[in-house]
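Chemist: Each chain, letter by letter, is given below.
There are 2 protein chains.
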Amino acid sequence: MKTTKVRFTVAYDGTGYCGWQKQKQEGQISVASLIEKALERVFNEKITLFASGRTDAGVHAFNQVCHFSTHRKLDPAKKWDICWALNSHLPSSIVVKKAWIAPEEFHATISATHKTYRYFILNRPRPSAHLARHMDWVRKPLDIDILQVSTQYLVGNYDFKSFQSVGTPITDTVREVFQADWKWRKPDVLQFTITGDGFLKQMVRNIVGTALMIERRQENPVRMKEILDSMDRRQAGPPAPAAGLYLLRVYYPQDLDKQCIEL
Amino acid sequence: MKTTKVRFTVAYDGTGYCGWQKQKQEGQISVASLIEKALERVFNEKITLFASGRTDAGVHAFNQVCHFSTHRKLDPAKKWDICWALNSHLPSSIVVKKAWIAPEEFHATISATHKTYRYFILNRPRPSAHLARHMDWVRKPLDIDILQVSTQYLVGNYDFKSFQSVGTPITDTVREVFQADWKWRKPDVLQFTITGDGFLKQMVRNIVGTALMIERRQENPVRMKEILDSMDRRQAGPPAPAAGLYLLRVYYPQDLDKQCIEL
Numbered sequence: 001m002k003t004t005k006v007r008f009t010v011a012y013d014g015t016g017y018c019g020w021q022k023q024k025q026e027g028q029i030s031v032a033s034l035i036e037k038a039l040e041r042v043f044n045e046k047i048t049l050f051a052s053g054r055t056d057a058g059v060h061a062f063n064q065v066c067h068f069s070t071h072r073k074l075d076p077a078k079k080w081d082i083c084w085a086l087n088s089h090l091p092s093s094i095v096v097k098k099a100w101i102a103p104e105e106f107h108a109t110i111s112a113t114h115k116t117y118r119y120f121i122l123n124r125p126r127p128s129a130h131l132a133r134h135m136d137w138v139r140k141p142l143d144i145d146i147l148q149v150s151t152q153y154l155v156g157n158y159d160f161k162s163f164q165s166v167g168t169p170i171t172d173t174v175r176e177v178f179q180a181d182w183k184w185r186k187p188d189v190l191q192f193t194i195t196g197d198g199f200l201k202q203m204v205r206n207i208v209g210t211a212l213m214i215e216r217r218q219e220n221p222v223r224m225k226e227i228l229d230s231m232d233r234r235q236a237g238p239p240a241p242a243a244g245l246y247l248l249r250v251y252y253p254q255d256l257d258k259q260c261i262e263l
Numbered sequence: 001m002k003t004t005k006v007r008f009t010v011a012y013d014g015t016g017y018c019g020w021q022k023q024k025q026e027g028q029i030s031v032a033s034l035i036e037k038a039l040e041r042v043f044n045e046k047i048t049l050f051a052s053g054r055t056d057a058g059v060h061a062f063n064q065v066c067h068f069s070t071h072r073k074l075d076p077a078k079k080w081d082i083c084w085a086l087n088s089h090l091p092s093s094i095v096v097k098k099a100w101i102a103p104e105e106f107h108a109t110i111s112a113t114h115k116t117y118r119y120f121i122l123n124r125p126r127p128s129a130h131l132a133r134h135m136d137w138v139r140k141p142l143d144i145d146i147l148q149v150s151t152q153y154l155v156g157n158y159d160f161k162s163f164q165s166v167g168t169p170i171t172d173t174v175r176e177v178f179q180a181d182w183k184w185r186k187p188d189v190l191q192f193t194i195t196g197d198g199f200l201k202q203m204v205r206n207i208v209g210t211a212l213m214i215e216r217r218q219e220n221p222v223r224m225k226e227i228l229d230s231m232d233r234r235q236a237g238p239p240a241p242a243a244g245l246y247l248l249r250v251y252y253p254q255d256l257d258k259q260c261i262e263l
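These protein sequences, in sequence, are chains F and L. In terms of the UniProt record's numbering, the first sequence opens at residue 1 and continues consecutively. In terms of the UniProt record's numbering, the second sequence opens at residue 1 and continues consecutively.
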């Protein structure tokens, strides 16, 4: 029986979830399990959900990309608001934003060419009660120049072993980082944006944590390059808190994007 | 034994709390009980906490004002960061922002002359996973003119009985509203700011809910005046959700403010 492939983007507030994927421990709720459940209720069939990749416990997404296959016939002309239907079965912390009929070759995980993550830091003397779930907080004024120069050493094709947390079977730790920039988003909010062809376990949080460590110790930013070259996780700083991290965007080949038909 | 009066401002994300004050039901946590506990740990004595007023379950505050008395001697010159000490005993959803030694006549509840509340509405086709705890959400484009004209009928000294929710012993329902304005804060975020000498139970949420009802039904904004004059709660709309409401500022007589010494 012929199936239709559906691609969709979803935003979520990762606070309180065990991450995108189910964990071995019981009693923890994953974002993926709730979306899968919503899909099965709306489509009334067993659904297998695929995403661009996992996010850790407490990490957020503005635009996670997923796909699944359904036996149901979908007609874009009928203007059935599949996002609305899914959102009515999801908690307010998970929002399906847009959906498309995707070509058969599209695969949310395998087709992804690169990803952009963003990290937010509230930088002021007092923390914020309202932003505690959404940003990291650093009390002392940050020197953006040290941060910016340090992460420039990571742009390129390198072995990022120093920035991979333990507990993963992955052995090929070479990745390409295309861009890694710091910017004041507001006078007291700093944002770090990084784009790469793939990221190791906690790689972004380890990079942010290391940049903050170098800044705090007022070290020469070239320390980042020494840590990268050492290929030794113990040289790098501790991971920055999950609350500040967002999966911002996932990129796919243009020809696949063009074949997607919005629902 | 002589005591010192301490005034402080506190911000909180009200989500998940039963409100400012303890409720009769067990198993619910109030914001005030956590602050009182933190004060008792930091000051190592029994503390009674007073605030400008209560906020309902789920309602937030940018600047709630409180006071308490302590037997401890406080010396502003010593630069002891009392806010930092308190925050280290509080969850990240409650942040003490500033503290002062207050004159003996200061009372957070009794001295308050007026208060400003603010209400946020996200107005766009899709909800936000990240703002769900912080704003109400309205799908259809809102007509700010209807909202603005309707709430202008509430500026003045009136009996606001129509906008008082049940379950309060208060019988004097006359209050003065000084200002009540709607404004686009961002292209898709509407904010309502209201200042008055006091507010009845759920009065702000009932006013917002009624304005939204008039807008949705495309009624003449003068309907707000008819509802006010009716002194009948059933004429007004349902209360807007607590998640959108923030206690923004509490005002005290200038001579009391001037006598406060920052800690």
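Calculated from the structure, these hints are not laboratory results. Be careful, since some hints might not be right.
Derived pair list, reagent style DSBU-like, types lysine-lysine, alpha-carbon separation capped at 35 Å [unchecked claim]: (1) L/Lys78 <-> F/Lys79; (2) F/Lys79 <-> L/Lys73; (3) L/Lys98 <-> F/Lys183; (4) F/Lys140 <-> L/Lys78; (5) F/Lys140 <-> F/Lys183; (6) L/Lys97 <-> F/Lys98; (7) F/Lys183 <-> L/Lys73; (8) L/Lys186 <-> F/Lys140; (9) L/Lys5 <-> F/Lys5; (10) L/Lys5 <-> F/Lys140; (11) F/Lys37 <-> L/Lys183; (12) F/Lys140 <-> L/Lys79; (13) F/Lys97 <-> L/Lys183; (14) F/Lys5 <-> L/Lys140; (15) F/Lys97 <-> L/Lys140; (16) L/Lys2 <-> F/Lys183; (17) L/Lys37 <-> L/Lys201; (18) F/Lys186 <-> L/Lys2; (19) L/Lys183 <-> F/Lys186; (20) L/Lys140 <-> F/Lys73; (21) F/Lys258 <-> L/Lys140; (22) L/Lys186 <-> F/Lys183; (23) L/Lys201 <-> F/Lys140; (24) L/Lys97 <-> F/Lys78; (25) F/Lys46 <-> L/Lys140; (26) F/Lys73 <-> L/Lys258; (27) L/Lys140 <-> F/Lys140; (28) L/Lys186 <-> F/Lys78; (29) L/Lys201 <-> F/Lys183; (30) F/Lys186 <-> L/Lys73; (31) L/Lys258 <-> F/Lys140.
Chemist: All the hints need checking, so say for each whether the structure fits it.
Modeler: We went through each hint and held it up to the structure:
1. L/Lys78 <-> F/Lys79: Not satisfied, since the Cα-Cα distance of roughly 67 Å exceeds 35 Å.
2. F/Lys79 <-> L/Lys73: violated, 69 Å
3. L/Lys98 <-> F/Lys183: Measuring from Cα to Cα gives roughly 29 Å; hence the hint holds.
4. F/Lys140 <-> L/Lys78: holds, 21 Å
5. F/Lys140 <-> F/Lys183: Given pair lysine 140 of chain F, lysine 183 of chain F holds - Cα atoms ~17 Å apart, limit 35 Å.
6. L/Lys97 <-> F/Lys98: Violated, at about 40 Å.
7. F/Lys183 <-> L/Lys73: Violated - the C-alpha atoms of lysine 73 of chain L and lysine 183 of chain F are around 44 Å apart, more than 35 Å.
8. L/Lys186 <-> F/Lys140: Holds, at roughly 30 Å.
9. L/Lys5 <-> F/Lys5: Roughly 66 Å separates the two Cα atoms, so the pair is violated.
10. L/Lys5 <-> F/Lys140: Answer holds: lysine 5 of chain L to lysine 140 of chain F is near 30 Å, not above 35 Å.
11. F/Lys37 <-> L/Lys183: With Cα atoms ~39 Å apart, lysine 37 of chain F and lysine 183 of chain L exceed 35 Å; violated.
12. F/Lys140 <-> L/Lys79: holds, 17 Å
13. F/Lys97 <-> L/Lys183: holds, 26 Å
14. F/Lys5 <-> L/Lys140: holds, 30 Å
15. F/Lys97 <-> L/Lys140: Holds. Lysine 97 of chain F to lysine 140 of chain L sits at ~16 Å (cutoff 35 Å).
16. L/Lys2 <-> F/Lys183: Violated, at roughly 51 Å.
17. L/Lys37 <-> L/Lys201: holds, 26 Å
18. F/Lys186 <-> L/Lys2: Roughly 45 Å separates the two Cα atoms, so the pair is violated.
19. L/Lys183 <-> F/Lys186: Status holds; Cα separation ~21 Å.
20. L/Lys140 <-> F/Lys73: holds, 29 Å
21. F/Lys258 <-> L/Lys140: With a Cα-Cα distance of about 30 Å, the restraint between lysine 258 of chain F and lysine 140 of chain L holds, given a limit of 35 Å.
22. L/Lys186 <-> F/Lys183: Holds, at about 21 Å.
23. L/Lys201 <-> F/Lys140: At roughly 41 Å apart (the allowed maximum being 35 Å), lysine 140 of chain F and lysine 201 of chain L break the hint.
24. L/Lys97 <-> F/Lys78: Violated - the C-alpha atoms of lysine 78 of chain F and lysine 97 of chain L are around 53 Å apart, more than 35 Å.
25. F/Lys46 <-> L/Lys140: holds, 34 Å
26. F/Lys73 <-> L/Lys258: Between lysine 73 of chain F and lysine 258 of chain L the Cα gap is close to 71 Å, so the pair fails against 35 Å, i.e. violated.
27. L/Lys140 <-> F/Lys140: violated, 43 Å
28. L/Lys186 <-> F/Lys78: With a Cα-Cα distance of about 33 Å, the restraint between lysine 186 of chain L and lysine 78 of chain F holds, given a limit of 35 Å.
29. L/Lys201 <-> F/Lys183: Distance of about 44 Å is beyond 35 Å: violated.
30. F/Lys186 <-> L/Lys73: violated, 39 Å
31. L/Lys258 <-> F/Lys140: holds, 30 Å
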